[in-house]
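2 protein chains.
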Amino acid sequence: MCKNHTIIFTFVIMVQKMDMADFISNGFKQFIPQLSIDCTIFGYHENQLKVLLRSWKGVDGWCLPGGYIDRSESIEEAAHRILNERTGLTNVFLQQYYTFGDLRRLMNPGNEILLKSSWLYKDARGSWLGDRTISIGYYALIEFSKAVPKPDEFSKDCAWWDIQNLPVLLFDHEQMINKAINTIRTQLKYQPVGLNLLPNKFTLPELQKLYETILDRTIDRRNFQKKILSLGVLKRLDQRRKIGAHRSPSLFTFDKVKYKRALSESKGPGF
Amino acid sequence: MCKNHTIIFTFVIMVQKMDMADFISNGFKQFIPQLSIDCTIFGYHENQLKVLLRSWKGVDGWCLPGGYIDRSESIEEAAHRILNERTGLTNVFLQQYYTFGDLRRLMNPGNEILLKSSWLYKDARGSWLGDRTISIGYYALIEFSKAVPKPDEFSKDCAWWDIQNLPVLLFDHEQMINKAINTIRTQLKYQPVGLNLLPNKFTLPELQKLYETILDRTIDRRNFQKKILSLGVLKRLDQRRKIGAHRSPSLFTFDKVKYKRALSESKGPGF
DNA sequence: TAATATTGTGTGCCAATTACACAATGTACT
DNA sequence: AGTACATTGTGTAATTGGCACACAATATTA
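In the order they appear, the protein sequences are chains A and B. If you're matching positions, the first sequence starts at 2 in the numbering used here and goes up one per residue. If you're matching positions, the second sequence starts at 2 in the numbering used here and goes up one per residue.
Just to be clear, a hint being listed does not mean it is correct.
The list cannot tell twin chains apart, which means a pair is met if one copy fits it or any two copies do.
No more than 25 Å apart at the CA atoms, straight line, and that leaves these computed lysine to aspartate or glutamate pairs for DMTMM-like [as the list claims (entries may be wrong)]: (1) LYS180 with GLU78; (2) LYS180 with GLU144; (3) LYS180 with ASP103; (4) LYS151 with GLU78; (5) LYS58 with ASP163; (6) LYS190 with GLU47; (7) LYS180 with GLU77.
These are computed hints drawn from the structure, not numbers from a lab.
Build out the structure end to end from the sequences listed, making use of the hints.
Below is the structure:
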């Protein structure tokens, strides 16, 4: 009972803070009630696939950056706006992947909060607090170094987390992340995943480790290089990376024209 | 100007009718505003892939069967309910595939209706008529003979249409159908498409024509049979179909246990 | 009984995937 | 300087899978 009160209370705080943050950054917007967007933002750094998460002051646990949809913007535009508010980036590779609408998706596992209880609270968007909010999931692929995590003044923190070492997540956001990973895994053949996650210059072993991380399996180094190079979407540069006491690998960059042509011919960089 | 008035007027009629229909079939429900579900229902009959469409009295053009989400049901449950209201079927194979949220998705192409005009009309769900409604797209695969199209009293008609010969569609519903076809095309390898679209007993040429229709290309008959049979998901029955002046093809049925096992091993019936 | 259209099965070629081996390179240590 | 070592770069053979193609079996009709 006491526990439930606490959780409801943190809900109220979060909703109020989110409204305030939205208001400050966007001015007055007429948000669609009971509908939101959550972004799973992937980055890749030091051979680790990472997601950008935020936490709230006064609330334990992390969650995906998200926001609401204004009546005057498409959901695509809303997703880009939300992403920009959080990372400062524009023109990001962003894809819708699933809409989450389970009744209990905002309940933390194990907690038995009854919906429609007397604690119901109608917030500024006309949603009933405690009502289920349906959330449209987008995933973004961004170059790690370009993103500047922007914690607003209501965030406790905003940080990158390793996919293989996630913190405790609020709501159903762990499920959302898992579904996003699964999506980029199956789309690796057909979408420019490597191009969007890696920096402009990279080595073949770096590209391979990205593939291995996403696919969660090892790939034979020799076969990988043979196949990737045969696709003709990479340009070998006259530079090498110094990697300590070993042979220096060549740096490559994506030939974006050829990459797009290969994708449109559905000859993507698959494995 | 006059044309715009007419279109707005048909909108009003449709919304009112939809509310009424929902009310009659469901009793009072607290629908989530500005959010809907549309179902692309696929059936297969006489070597043709078909979709179930409905039309409204007093409105030209056809659209996908759809409905609203109640605050007390998950979107999955809502999709099943809507499908059941339209076809009478339960336990249908149903998959979410995309959420459509363009600002102008309810506008017919070529019409320049300004949003937020003075004609705005607030309907029973708190939506502004003329506001964009976001719609979650589901596709269903059902056995043609089991579905009984159920036009309610506000429908002009409810009928199956060949994929290759669609009527004029309202809103963005042609785009929704195309995206659904594209989805089952790419998921043919990983989802039990044949199992859900075909009747219990079928011949290999019938199965092949289904694949050819969905993939929109021809497949070599001998290679198709070899590959499909090698998957081990079919059981050959001791029966043959009479097809006139030709050799009688064997009837087959799906071995559902082996089918599911093959899917989970991602060795689906691909091409 | 022959003609015809359709089903059922087999064979060989080519491309792609996979398994596996060895040479080249950059640094550190002796 | 020379050797040890880990890593990169390239090659080759075996296997698998997709694709093109040929022929026998079957059911009806003329």
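Results of checking the hints against the structure:
1. LYS180 with GLU78: This pair counts as both: shortest intra-copy Cα distance 22 Å, inter-copy 20 Å.
2. LYS180 with GLU144: within (21 Å within a copy, 29 Å between copies)
3. LYS180 with ASP103: both (14 Å within a copy, 24 Å between copies)
4. LYS151 with GLU78: Result: close within a single copy only, 19 Å intra versus 38 Å inter.
5. LYS58 with ASP163: Cα proximity of LYS58 and ASP163: one copy only (22 Å, versus 56 Å across).
6. LYS190 with GLU47: within (23 Å within a copy, 35 Å between copies)
7. LYS180 with GLU77: This pair counts as both: shortest intra-copy Cα distance 19 Å, inter-copy 16 Å.
In summary, this structure violates none of the numbered hints.
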